[in-house]
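Novice: Line by line, the protein sequences are chains V and L.
Numbering of the first sequence is given in our numbering, commencing with residue -6 and proceeding in unit increments.
Numbering of the second sequence is given in our numbering, commencing with residue 394 and proceeding in unit increments.
Be a bit skeptical, because a hint or two may be false.
Footprint (simulated), chain L over chain V, 3 or more residues, beta carbon under 8 Å [unchecked claim]:
1. 28 to 35
2. 198 to 211
3. 218 to 225
4. 332 to 343
Calculated directly from the structure, the hints in this document are not laboratory data.
Remember, predicted model here, so these are calculated numbers, not experimental data.
Every residue gets a Cβ at the ideal spot worked out from N, C-alpha and C, and that includes glycine.
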Amino acid sequence: MNTDAAAADVNYLNNGRTIRSWLLTTDHKRIALLYLGSIILFFFVGGFFALMMRLELLSPDGDLVQADTYNKLFTMHGIVMIFFFLIPSIPAVLGNFLIPMMIGARDLAFPKLNLLSWYVFILGGSISIYVLAAGGLDTGWTFYAPFSTTYSTTKVAPAMLGIFITGFSSILTGLNFMITVHKMRAPGLTWFRLPLFVWSIYATSLVMVLGTPVLAITTLMVFFERMTGIGIFNPAIGGDPLLFQHLFWFYSHPAVYIMVLPSMGVVSELVATFARKQIFGYRFVAAASMAIAVYGFLVWGHHMFVSGQSVYAGMIFSILSYLVAIPSAVKVFNWTATLYKGRIWLQTPLLYAFGFIGLFTIGGLTGLFLAAMAVDVHLTDTYFVVAHFHYIMVGGAVMGFLGGLHYWWPKITGRMYPEGWARFSVLVLFVGFNLTFFPQFLLGYLGMPRRYYHYPPEFQVLNVLSTAGASILGIGYLLPMIYFAWSLKKGKLAGANPWGASGLEWQTPSPPPTENFPVTPAVVEEPYQYPSEEEVARA
Amino acid sequence: MPDHAMTAAVAHQFDDRDQQKEAGTLGMWLFLGTEILFFGGLFIAYCVYRIKFPAGFAAANEMMDVTLGGLNTGVLLLSSLTMALAVRSAQLGKRVSSFTLILVTMLFGLAFLGVKGIEYYHKFAEGLFPGEGFRFEGSLSRQAEVFFSLYFMMTGLHALHMIVGIGIMIVMAVMTWRGRFSPQYYSPVEIAGLYWHFVDIIWIFLFPLLYLIHVHT
């Protein structure tokens, strides 16, 4: 009896307490937490650059920083947030933690490779931190040639090396997830019984695995152009800078889906759990993830409408870009249909899901404006674009990440976060976010270009609103950090399944034991099987 | 005891040896898929400039050493043969023969790198490395510089993969010598073989694209 109780108390968190047991762990749950710590660090580094930019833009003149510093601020903000926060955020943290648990496996297919991915990530991150400390980079996160290859006097070569190395972390993680989903599913867990989070991480992994190598080779080419006389993009010897843009966007457009697809997976889980219903059109939502991943590779040219690519190429890319709206809309409609007549339980994670659906819809619809060639000519490189992709990446991806973190926090730590504070912080985030980025749509429409440290005085009111919003947004991010930390010791004990959710990850104790499941579970039904309204009434 | 021998090589996350083998094999195939995309960026760049600068590429091609390139192609094809035979020997449980064949494969790989080194040395000496010191007779010098940019990137990256491959072969040779493999468990050799053949195939594309332009223009 006593030994049973003691055995039950051993979980992945207290199974080994030394630093060494964390740094050499191959447990996917611990590696997820290593990633969580690292990306939060990067998030605050990236957030600091954003704060400096917004402070500078309070007034039309360069009061706080001048052009050179400002160029470095937006470059490093982009690099840190995209490569070191958004791309690893949901896949490497929640994906790592949940994929094996959701499919009833003891670990990922390649646990050592998983740990290696984290070290590769840290190595790439360290090189990027070195770039920051050694004077920064001013190319923009897009590294356009020939400025990056020939003219910039900042640390382009080490930055390229950092991104190149980090890319392999992404490739190896994606590969690990795909093989795990293919080969490690519990008995009875067929493809169409997989939770939608697994589907969306699978689709994301496909993009990581097929897209990232192209970014890797592109950054490697830029690296060698900087270091040697090799000149594949160098117009001085007949090289073509446009080729750089094609190769770069071949990865970097799909990279948007690396950021947002996992959030869509989270939202599917949240909506099903808190509406107590099977997701409406499960197979369509699953297929939509795959469709987005595949279409995502065919639309990169919409970043290049004004680059000088042919009008015909532009037209085709424009039409294909519209096509991406179809699977995206399928998801939004199906979530809404799931909520319809659901038994809604309005908890914080669902509020995040609502935030995601609303903000993603705005971000997605403004994306259609930008996919229209004529409108894009007017809006290219204005704040309209900045607002659009922040609605997707912050309003969408970060909302989804935070929603997922709240939802699975009891599973990860065994304790509940304080519900009241959490609801308050969703509100703060939502208000702060919209106040920050909605004025930027207007600024862009009125013609304010992005990436400038000063602007005509008539744009000041909207810029002040945006900066005010950013301060509120910053508080909205700090609050969860504080109460999450508080809940580690003081939070209410969660129990195995505080949400009464379906899904294998809720059938094991919180926090889970190192081996996840005492006995490999067998799956006999489709996911999200909640009792219907009549069944509840009868009970 | 036989039970223990059967399960010893199965990692804790897998249920059985078949699952482990399938995961490893599929993992390598997927990795090779990422490698195709990785080299793909360079192949695309090659296509773009080959179409843009046909005359410059043809002129630059005159400087290539078809004999050494052809020799290397032969060496790599032979190494693929010995690799395939090494896998077969491992599968049949012939430890010494598998070990020897892996060693021969490795030596072919080293021979390839040696020849490649000689070629690089000649190119540097002739001033064909792009940059300040680039020397090329005639009006097509700039186009030739793009060609040699691609040549050094593509063959350099390929050579790097060869070096990694030789490292893997060393590990495989040691594991084979220590008797880690058996007819029931030889998937590491097989998976290493997949990688080796892949690197070989990349060269099979590089050789005609970089050395044999004059044959088909």
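Novice: Take the hints in turn and mark each one as holding or not.
Specialist: We went through each hint and held it up to the structure:
Coverage of the region 28 to 35 of chain V by chain L is violated. Counting CB-CB distances below 8 Å, 0 residues qualify, and the rule asks for three or more. Judged by the Cβ-Cβ criterion of 8 Å, the region 198 to 211 of chain V is covered by chain L as claimed, because 9 of its residues qualify and three suffice. With 5 residues having a Cβ less than 8 Å from any Cβ of chain L, the region 218 to 225 of chain V passes the three-residue criterion, so the hint holds. Coverage of a stretch by a chain is defined here by at least three residues with a beta carbon nearer than 8 Å to that chain's beta carbons; for the region 332 to 343 of chain V and chain L the count is 0, and the condition is violated.
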